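> Here are the chains, one letter per residue:
2 protein chains.
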Amino acid sequence: MTGVDFGKRFAEDRHAVDDRLAVILPDESEAPASLHGAIRYATLGGGKRLRGVLCLAGQRLCGDAHPCGALEAACAIECLHAYTLVHDDLPALDNDDLRRGKPSCHKRCGEAVAILVGDALQALAFDILSHAPAPSGNVLEAVRVLAVAAGSRYLVGGQVADIEGEKAEPSEERVRFIHERKTAELIAASLSVGAAIAGAPERTRTEMHQIGRAAGLAFQIVDDVLDLTGSTEAVGKALRKDEKRRKITYPAHFGVQSSRETARRLIADATRRIEMLGDDGYIRHLFSLIAERSS
Amino acid sequence: MTGVDFGKRFAEDRHAVDDRLAVILPDESEAPASLHGAIRYATLGGGKRLRGVLCLAGQRLCGDAHPCGALEAACAIECLHAYTLVHDDLPALDNDDLRRGKPSCHKRCGEAVAILVGDALQALAFDILSHAPAPSGNVLEAVRVLAVAAGSRYLVGGQVADIEGEKAEPSEERVRFIHERKTAELIAASLSVGAAIAGAPERTRTEMHQIGRAAGLAFQIVDDVLDLTGSTEAVGKALRKDEKRRKITYPAHFGVQSSRETARRLIADATRRIEMLGDDGYIRHLFSLIAERSS
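Protein chains in written order, with my numbering: chain A, 23 to 317; chain B, 23 to 317.
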């Protein structure tokens with residue numbers, strides 16, 4: 023493993039996803055220009071591409087078959103993630119004016135267009151994924167994983183529980199329910215969609231999905247700790263909003279120190295398990311970025 | 023063709039879709055209960071199931087292979103359609119309080135939950151469709167057709183053009199752009215998704231898609247004529263809203279009489295072409311319902 027520069031590989035993967043997204047998203051010149059401009063604004067705004075990169079890494083870990091299919095899948099996942107951010111920021115939901123240091127989509131394009139941008143990005147995710155160049159059985163399995171993760175039992179279910187949590191008594195069970203759904207599942211799906219594209223057997227895909235859930239839960243805990251302890255400049259969005267809204271979070275319920283320890287424990291578990299699947303160190307590197315990130 | 027009761031077949035198909043939807047939608051007892059209750063409210067509210075039934079009819083016309091797969095696909099299309107209605111009715115979009123004679127989703131569940139109900143229904147559409155029991159190549163093709171129809175180039179693009187049209191100079195080109203996208207494409211996709219599930223060759227699927235576009239355009243024209251001439255009681259939603267909002271519609275641009283003739287001409291064309299594909303009269307019956315409906 024000596025000499026392998028995982029930081030460089032991460033930068034290359036990020037750029038590959040960014041470059042492919044820029045090509046694959048409809049051009050602003052295509053009608054309706056306002057919609058396509060807003061879709062590009064919401065998607066190409068400089069995210070970390072962690073989910074897309076995890077998809078590429080998952081596909082490589084499972085034998086590196088169909089790399090171009092994995093790149094399409096990575097773009098699809100980033101479109102889906104971008105849609106969730108656009109809708110989360112809406113006035114009726116989190117009402118956030120700032121995203122990645124820039125005006126959020128509805129601040130720039132108005133509420134109606136922002137709702138429709140999110141709707142179109144979700145459809146685009148399934149459009150891009152379903153056209154990925156890989157055997158149809160592999161691609162269909164990837165569509166299944168992403169559609170389940172995006173649905174009412176996971177991503178959207180977590181969002182609703184999050185909103186309702188503002189008025190409810192916090193409990194460990196409730197915190198976990200929200201976090202596992204609204205964040206962890208898409209991170210888990212990123213790894214296992216990559217594995218599906220590569221044609222990995224079901225047992226491997228399931229194990230990768232569970233590993234991704236642990237890492238994804240850690241991601242959300244670190245996010246909430248940053249909301250409490252970070253600076254707006256570094257994090258690129260308005261902070262201390264969880265507190266104001268009485269959101270149920272790990273640090274609010276267990277304290278910052280204990281939450282940091284939980285995140286570290288989850289990452290250690292994910293790291294140990296992904297190593298057993300033969301990770302060359304890259305996915306562990308990505309997990310360590312989740313645990314140690316400051317923005 | 024004598025003796026075949028297409029009205030009875032339509033009623034049976036509608037019930038098959040309704041019954042399957044009631045089973046396949048997550049139960050209200052599943053957490054978050056509020057979300058799953060709202061999803062069922064928005065989806066099981068007594069629609070005509072025209073799109074789902076066209077999917078079943080399209081699959082039968084193409085050899086009747088994988089009927090259970092077609093039923094799942096029909097439910098998926100109805101979920102997608104239900105999502106578009108929930109989001110269309112939102113205050114930031116059409117701001118409609120009434121849908122199918124009942125309070126629209128956001129009037130009943132609040133704006134935040136209504137946005138999330140729509141989001142979950144779109145994901146659920148791809149979840150249900152991707153799990154349809156049929157060969158993976160057929161199912162994947164169906165996913166592609168539905169995802170493209172739902173995206174920024176069609177359904178959502180038509181919605182944005184519709185909103186922007188309120189402030190624009192009406193023209194025939196603009197009316198067609200809006201109607202072909204916001205309505206006709208999903209009706210076209212309903213027929214061709216059914217054909218894809220049955221494994222029809224590409225040429226047949228393309229022809230069915232084009233036939234569906236003509237019928238779908240007629241559907242929207244009739245809808246806009248009803249908005250101008252119908253009664254709220256019969257149609258089940260608030261009327262004359264297009265006029266108030268200066269929406270670009272066929273009757274507003276060409277007058278009621280000329281619009282009715284255009285709809286009839288489109289249906290006649292679709293009827294002639296579907297007959298050439300071997301329709302036993304059932305799809306023609308469905309098309310005639312589009313042309314003659316009064317609600």
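Warning: the hint list may mix true and false statements.
Pairs count within a copy or across copies, as identical chains cannot be separated in the list.
Stated by the list, open to error - Below are the DMTMM-like pairs computed for lysine to aspartate or glutamate, each with C-alpha atoms no more than 25 Å apart in a straight line:
hint, residue 1, residue 2
1, LYS129, ASP110
2, LYS189, ASP49
3, LYS70, ASP119
4, LYS129, GLU188
5, LYS189, GLU283
6, LYS269, ASP41
Please keep in mind that the hints were generated in silico from the structure rather than gathered at the bench. In this text the structure is predicted, and so the values were computed from the model without any measurement.
> Each hint: holds or not?
Against the structure, the hints come out as follows:
For the homomeric pair LYS129 and ASP110, the shortest alpha-carbon distances inside one copy (13 Å) and between copies (20 Å) are both at most 25 Å. Proximity of LYS189 and ASP49 under a CA criterion of 25 Å is satisfied inter-copy only: 24 Å between copies versus 43 Å inside one chain copy. Taking the shortest alpha-carbon separations for LYS70 and ASP119, only the intra-copy value of 20 Å comes in at or below 25 Å, while the best inter-copy value is 40 Å. Proximity of LYS129 to GLU188 under the C-alpha cut-off of 25 Å is found in both arrangements, the shortest distances being 24 Å within a copy and 21 Å between copies.
When the C-alpha separation of LYS189 and GLU283 is checked against a cutoff of 25 Å, the pair qualifies neither within a copy, at 27 Å, nor between copies, at 55 Å. When the C-alpha separation of LYS269 and ASP41 is checked against a cutoff of 25 Å, the pair qualifies neither within a copy, at 36 Å, nor between copies, at 38 Å.
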